[in-house]
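When you get a sec, could you build the whole thing from the sequences and use the hints?
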Amino acid sequence: MKFSLLIPEITLFSGALLILMLDVFLNKKNEKFQFFAHFFALIICGLALAFAVKTFGSFETAFNDMINSRALISFIKCIVIALLTFIILISIRYIFTIEKYSSEYLALLMIATVGGLLMISANDLLLFYLGLELQALSLYLLASFNVKSARSSEAGIKYFILGSLASGILLFGISMVYGYSGSTNLTLIKDLIEKTKPDEISVGLIFGLIMVVTAMLFKISAAPFHMWAPDVYQGAPSAVLAFFGTVVKFSTVMALLLLSYNANWQILSKIFLIVAMASIMVGSFGAIFQKNIKRLLAFSSIGHIGFVLLALSSMQKFSYISAIFYMIIYSIISLGTFAFLTIIRSPQTHENDATDDKIFNINSLAGLAKTNPTLALSLSILMFSSAGIPPLAGFFSKFYIIKTAILSGLLPYAIIAVMFSAVSAFYYLRIVKIMYFDQPSAHIEIEDFGNSRLVIILCAIFNVALIFSIDILFNSIANFIN
Amino acid sequence: MNVIKFDILSVLIFLPLISAFLLMFFNKQKNSFYFGLGCFVGVANFILSIALMTSYNWREGGYQFQQIFKIFSEIDIKYFVGVDGLAVTMIFLTALLTPICYIVSYKSITDRVKEFVIAFLVIESLVIGSFASLDLLFFYIFFEATLIPMFLVIGIWGGENRIYASYKFFIYTLAGSVFFLIGIILLYLYTKTTDIIVLTSICKNYFPINFQVLFFALFFASFAVKVPMFPFHTWLPDAHVQAPTAGSVILAGILIKLGAFGFIRYSLPLFPLASQYFSGLIFTLSLIAIIYGSFVALMQEDMKKMIAYSSVAHMGFVTIGIFSFTHQGIEGAIMQMISHGLISSALFICVGIIYDRLHTKKIKDLGGLASKMPNFAMFAMIFTMGSVGLPGTSGFVGEFLSIIGVFKVNKMVASLAGLGVVLGACYMLWLYKRVWFSEIHNQQIKNIKDLDFCEFFILFGLAIMIIGLGIAPSLIMNFFSEQSSQLSSFVLTLPPLQ
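Protein chains in written order, with our numbering: chain D, 1363 to 1844; chain W, 31 to 528.
Rather than coming from a laboratory, the hints here were simulated on the basis of the structure.
Where a beta carbon is used, it is the ideal one built from N, C-alpha and C, also for glycine.
Careful: at least some of the hints might be erroneous.
If you want the footprint, here are the derived chain W segments under chain D, 3+ residues with CB under 8 Å [unchecked claim]:
| hint | region |
| --- | --- |
| 1 | 188–199 |
| 2 | 213–224 |
Derived contacts from chain D toward chain W, CB cut-off under 7 Å, selection only [claimed, not checked]:
| hint | residue |
| --- | --- |
| 3 | 1751 |
| 4 | 1752 |
| 5 | 1753 |
| 6 | 1764 |
| 7 | 1765 |
| 8 | 1768 |
| 9 | 1780 |
| 10 | 1784 |
| 11 | 1787 |
| 12 | 1798 |
| 13 | 1799 |
Right, dumping it as structure tokens:
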């Protein structure tokens, strides 16, 4: 038993429990407690991050080959925990608004992250499933966290029904895989697939793997399994949405990546390719007609997932590097964008409620460049970066995906992908246009809120400055993967 | 001294960018403060560009002032700058036009002046960067990044229909550029480098014709939109009409030169066979651009739109010159790029001056300006003559050399292009007659004031340059004459493929 490999997860989990306990025993629902709980959660995250950094260098499996540890996994874990830290940092405003449930909210964020971390380090399909469910159950709750809002409940229920269907498919797939390979251990399955000739692999095993992949594609909202994403994005509270778009997205994509990396699923690469192209298409065309900024970002995230899957479909070492690189940059872009969503509020009710269609209508951003130039500039940098305009970070991530795709002989697909990415520039530009070219509206006001503002500006600076240090980020990923 | 020489190029590139960054931290200053600062940086850069020009050794030729800085070792992206004669002159043109942009906007732009100044500083930086870049990918980065500030310039300070125009500009250019990007990646995967010096030496005979054709087509998609060549030109009139005067100056003066620059610097040396293969197509498209552009210009009611279409026609001379592959043709194309940069900018400034006073760009609202604004009419005459291509102006040198170059290759194309010159005279002289002569029927014109000092100063400077380059073109042609003759002999005397 090597508990040392799981210390980050254990820290986060016990931290979450501690916050719940403190809530029960102190029984104080005032701002002071909320602030304390928030601060405590940040410290826990910092500790977990430190422990995760410590797990670097151990290259082993533990708990009967259930847990896998190597530099790449530690690196991914560090990023997940760092993202969680930022999410907790920007959700202080939300913590103050939900009053009674502040500690539950924090605990759920941390437990969902633990689920994600378990998925990442899983070397066994059953543990993988448990991690996924731990995360998913917390997410169902989080999506419907705004009890007063009908839309939030709708988001939660929708996510729950479709999500449990996906979990069912995953479990069914795992049982098929177990039935036809005799094991749920990924290393053993990999050996089995590598030893058998491609046309002699049993159909049942492939069928099972396809189901596992399908469920994962559902979780990362890749087209054509994306239907839930816009609704859930629209209904979920902004702070939760920020969590969805960064930590959850990053950890599930990484889990899928590691699953295919560990299990060497060459046979499934066609599926990835088709889904990638479908996602890129849906992502670029779906977003054009969206008026709600949250829905727009949901479609944009589908498009980005398409790019990651395009890299994954070639299943080579360099394609994994570019996929991780892309996801890191994408997560930072979405961290900034979603952080922005948490600080806008209605001037009448002073609330940031998803039911209020006005404040999340993209036209409400009109004239932001006049009222709040710093934020408008940062947000437009993030948008241009999403569109992949050089010299911003988003360009390099896309560039690398395209290079990977061409290198794996997918030139026509790469051309289609970049053409769609030019289409998607259209709606990113629309946000910039609304902020810079339109006259100010009085639909929203920007809360003067240091944490979120800091995070947005930091994300924008990262996007601009990456060009100077792109080597460092890239080489470290490349080192970890070897 | 050596150190200064070594770094001057990077200073030219980054001085405006750093000033723009610092400018962000100034708040609540007077408009004149921002314009003054922008102008100061612009003039400083202009002086630096003159220093660059004088210290560039054109007898020696080749890429000078080289500087390398590694950025991304994995795919070998590096900050690698250096200039040849063509780039030196283009950088000079850029550094000349940027301070002019501030001076002409001093009165007309009153809203968000800080952002305006920052946007133009950033554009200057990026454009100089793309001219100076010797790394293909870095060229792409600079080339594409100009979209962001230009999109904002057209969208924020433009006319009524500015949003449509800014979108069109952005999406057209981006759609072309993504193919360019794929071309760069493919080229990198085959040659393992994006260094233009290495590429030039290995691409010469490296690729069979069908590969060259593919690469050429991918590069062409981007450059042809930027130039703009015939079927891809529709964004240009819209962008020009909607852009503020300074935006038009930058667009016509510099940004569309990036496309032609790309042809000379990348397409010809890297894919000579494909260039020859495609030259017929490009001749056809350019002729259509010249003749169709001139006819469309003839019928325009909006002065800016008319000059925009005349730009399409004039850039047609640039592309036929380049793809004639003769010494005179290439030389003439570069000369035409410079002279068009000066003349069309000057004409756009003239339109801006009229618009500032009368708030109209429609030709039918004007007439008889010459009697009320004699100085202005004189300068406008010089620019009109330059645009027509009268001997003694720089416009003549460029068009004449291009046509000579083409004449050596294809007499039919040359004579049709010559017809384009005649058409150019038609629309420009008719425009001059309708705007500056004829009777005054607009009451506002009766009280109009002649040029003030700043306007006089700018137009005087531009007029001097246009006439000066017309009388003594060797002043500037020395810089790229040798280079174009080398390029021409490089393309024309290809060893047979194995």
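Each hint tested on the structure:
Here the region 188–199 of chain W counts 4 residues with a CB under 8 Å from a CB of chain D, which clears the bar of 3, and the coverage holds. Beta-carbon proximity to chain D at under 8 Å applies to 4 residues in the region 213–224 of chain W; the threshold of 3 is reached and the given coverage holds. For residue 1751/D, the interface hint holds, since its Cβ comes within 7 Å of a Cβ in chain W; the closest pair sits about 6 Å apart. For residue 1752/D, the shortest C-beta to C-beta distance to chain W is roughly 4 Å, which falls under 7 Å, so the interface hint holds.
For residue 1753/D, the interface hint holds, since its Cβ comes within 7 Å of a Cβ in chain W; the closest pair sits about 5 Å apart. For residue 1764/D, the shortest C-beta to C-beta distance to chain W is roughly 6 Å, which falls under 7 Å, so the interface hint holds. Nearest Cβ of chain W to the Cβ of residue 1765/D: about 5 Å, under the 7 Å cut. The hint holds. Taken as an interface hint, residue 1768/D checks out: its beta carbon lies about 6 Å from the nearest beta carbon of chain W, inside 7 Å.
Checking residue 1780/D against chain W by beta carbon gives a least distance of about 4 Å; that is within 7 Å, so the hint holds. For residue 1784/D, the suggested interface contact is upheld, since its CB lies about 5 Å from the closest CB of chain W, less than 7 Å. Proximity of residue 1787/D to chain W holds as hinted, the smallest CB-CB distance being about 5 Å (cut-off 7 Å). For residue 1798/D, the shortest C-beta to C-beta distance to chain W is roughly 6 Å, which falls under 7 Å, so the interface hint holds.
Of the supplied interface hints, the one on residue 1799/D holds, with its beta-carbon coming within about 5 Å of a beta-carbon of chain W, less than 7 Å.
In the structure shown, no violation is registered for any of the earlier numbered hints.
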